[in-house]
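Colleague: Protein sequences, first through last, are from chains A and B.
So the first sequence is numbered by my numbering: it starts at 1 and just counts up by one.
So the second sequence is numbered by my numbering: it starts at 60 and just counts up by one.
Be a bit skeptical, because a hint or two may be false.
Claimed, not checked - To list a few chain B residues with every Cβ distance to chain A over 12 Å, as calculated:
no.	residue
1	PRO168
2	PRO199
3	LEU224
4	THR232
5	VAL236
6	VAL255
7	ALA265
8	SER267
What the hints assert, rightly or not - Listed next, with one range per pair, are the computed distances between beta-carbon atoms:
no.	chain 1	residue 1	chain 2	residue 2	range
9	B	PHE234	A	ILE29	24 to 34 Å
10	A	SER16	B	ALA230	25 to 35 Å
11	B	PHE165	A	SER16	10 to 20 Å
12	B	PRO231	A	ASN38	37 to 47 Å
13	A	ALA23	B	GLN271	23 to 33 Å
14	A	SER16	B	VAL255	33 to 43 Å
15	B	PHE234	A	ILE42	40 to 50 Å
16	B	ALA237	A	SER16	25 to 35 Å
17	A	MET40	B	PHE234	35 to 45 Å
18	B	GLN271	A	LEU19	48 to 58 Å
19	B	LYS263	A	VAL30	22 to 32 Å
It is worth saying that the hints were derived from the structure and are not from the lab.
For clarity, every value in this text was computed on a predicted model and none was experimentally measured.
C-beta atoms are modelled at their ideal positions from N, C-alpha and C, and glycine is treated no differently.
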Amino acid sequence: MHTSTQLADKTIVSISATLQIIASALVAIVVLYGVGFNEMDIAHNSAHDARHAAVFPCH
Amino acid sequence: MLFRNIMYTAFFSAVIAGLLLGTLQAFSTTPVIYSAEIYEVTKESPSMPNTHTENATAHSHQHDGEAWKPASRTERIGYTFLADILIAFGHSLLLTSFLAFIFLKFGKPEISWRSGLLIGIGGYLSFYLATIIGLPPEVPGTVAADLHARQLWWTFTIVATMIGLSVLYLAPTSFKVAGLVFIVLPHIVGAPHPEVHGFLNQEKEAVSALSQLEHQFLISTAWVNLVYWLALGLLSGLFANKFLNGNASLLKN
Numbered sequence: 001m002h003t004s005t006q007l008a009d010k011t012i013v014s015i016s017a018t019l020q021i022i023a024s025a026l027v028a029i030v031v032l033y034g035v036g037f038n039e040m041d042i043a044h045n046s047a048h049d050a051r052h053a054a055v056f057p058c059h
Numbered sequence: 060m061l062f063r064n065i066m067y068t069a070f071f072s073a074v075i076a077g078l079l080l081g082t083l084q085a086f087s088t089t090p091v092i093y094s095a096e097i098y099e100v101t102k103e104s105p106s107m108p109n110t111h112t113e114n115a116t117a118h119s120h121q122h123d124g125e126a127w128k129p130a131s132r133t134e135r136i137g138y139t140f141l142a143d144i145l146i147a148f149g150h151s152l153l154l155t156s157f158l159a160f161i162f163l164k165f166g167k168p169e170i171s172w173r174s175g176l177l178i179g180i181g182g183y184l185s186f187y188l189a190t191i192i193g194l195p196p197e198v199p200g201t202v203a204a205d206l207h208a209r210q211l212w213w214t215f216t217i218v219a220t221m222i223g224l225s226v227l228y229l230a231p232t233s234f235k236v237a238g239l240v241f242i243v244l245p246h247i248v249g250a251p252h253p254e255v256h257g258f259l260n261q262e263k264e265a266v267s268a269l270s271q272l273e274h275q276f277l278i279s280t281a282w283v284n285l286v287y288w289l290a291l292g293l294l295s296g297l298f299a300n301k302f303l304n305g306n307a308s309l310l311k312n
């Protein structure tokens, strides 16, 4: 009984660690998309020089 | 909580590496961009050099200067710093997530500034070196292929290179060749290119100046991005070691 609870706990921890890592990678993609690819003028013009310097395709 | 600790790691790394990146750019890449903009052609006066460099110049595809843009040179540099910190935050989140993930799944490498530095080199290879093989760094006013096609190829190249490098690092020897396939694949597919390489402003003087600036831009982006990625990797490893330590031992069980 004790062992199975421990095993269950470990499984939950491991799944949730993977999910949390996936979640943080998704945040990364959203942020990079926003700064690098967003075509709204306000985003483009404020991030313009940074996009060119970090070699994001621009224009 | 792992998610929160990855965020902390990326935040602190991004503030430092982003400020470093912004400072380096202010003395290297940004002046090149400003110089290139002098030759930018506007809709009203095609082939007339635009000499209003004191203010940020709008690009020809932005509807006749009505769009918002930074009001002064200082403000413009400020926004570049902000964008750099955000880019660094995104990059560091990716690096840190990746470090945590391979440590979780493969039990190596130890999360430290050393593995951070290694993964920072991986970031430079994927985000900079692999992409400029197909799409060389561009100064404003360069003729280029369709933007969305380039964004697609650029993203594909980064993902494929990251997968390729990971396979090279993690897979058993006999599978490592698969890593090379991933790395080479985007270049076999080929980046979208315009029919002729050149500049929007076709005056002789402008072309020669822009060609020179383009070369200068290649050199400056190469070293600025290298310094940035090394610093970002090192900092991400360092802060991950601090913030994920508890999680690292938790992951190992």
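Colleague: Now look at each hint and say whether the structure bears it out.
Modeller: A quick look at each hint next to the structure:
| no. | hint | verdict |
| --- | --- | --- |
| 1 | PRO168 | holds, 16 Å |
| 2 | PRO199 | violated, 7 Å |
| 3 | LEU224 | holds, 16 Å |
| 4 | THR232 | holds, 27 Å |
| 5 | VAL236 | holds, 27 Å |
| 6 | VAL255 | holds, 17 Å |
| 7 | ALA265 | holds, 17 Å |
| 8 | SER267 | holds, 21 Å |
| 9 | B:PHE234 with A:ILE29: 24 to 34 Å | holds, 27 Å |
| 10 | A:SER16 with B:ALA230: 25 to 35 Å | holds, 27 Å |
| 11 | B:PHE165 with A:SER16: 10 to 20 Å | holds, 19 Å |
| 12 | B:PRO231 with A:ASN38: 37 to 47 Å | holds, 41 Å |
| 13 | A:ALA23 with B:GLN271: 23 to 33 Å | violated, 46 Å |
| 14 | A:SER16 with B:VAL255: 33 to 43 Å | violated, 54 Å |
| 15 | B:PHE234 with A:ILE42: 40 to 50 Å | holds, 46 Å |
| 16 | B:ALA237 with A:SER16: 25 to 35 Å | holds, 30 Å |
| 17 | A:MET40 with B:PHE234: 35 to 45 Å | holds, 43 Å |
| 18 | B:GLN271 with A:LEU19: 48 to 58 Å | holds, 51 Å |
| 19 | B:LYS263 with A:VAL30: 22 to 32 Å | violated, 45 Å |
The structure shown violates the earlier hints numbered 2, 13, 14 and 19.
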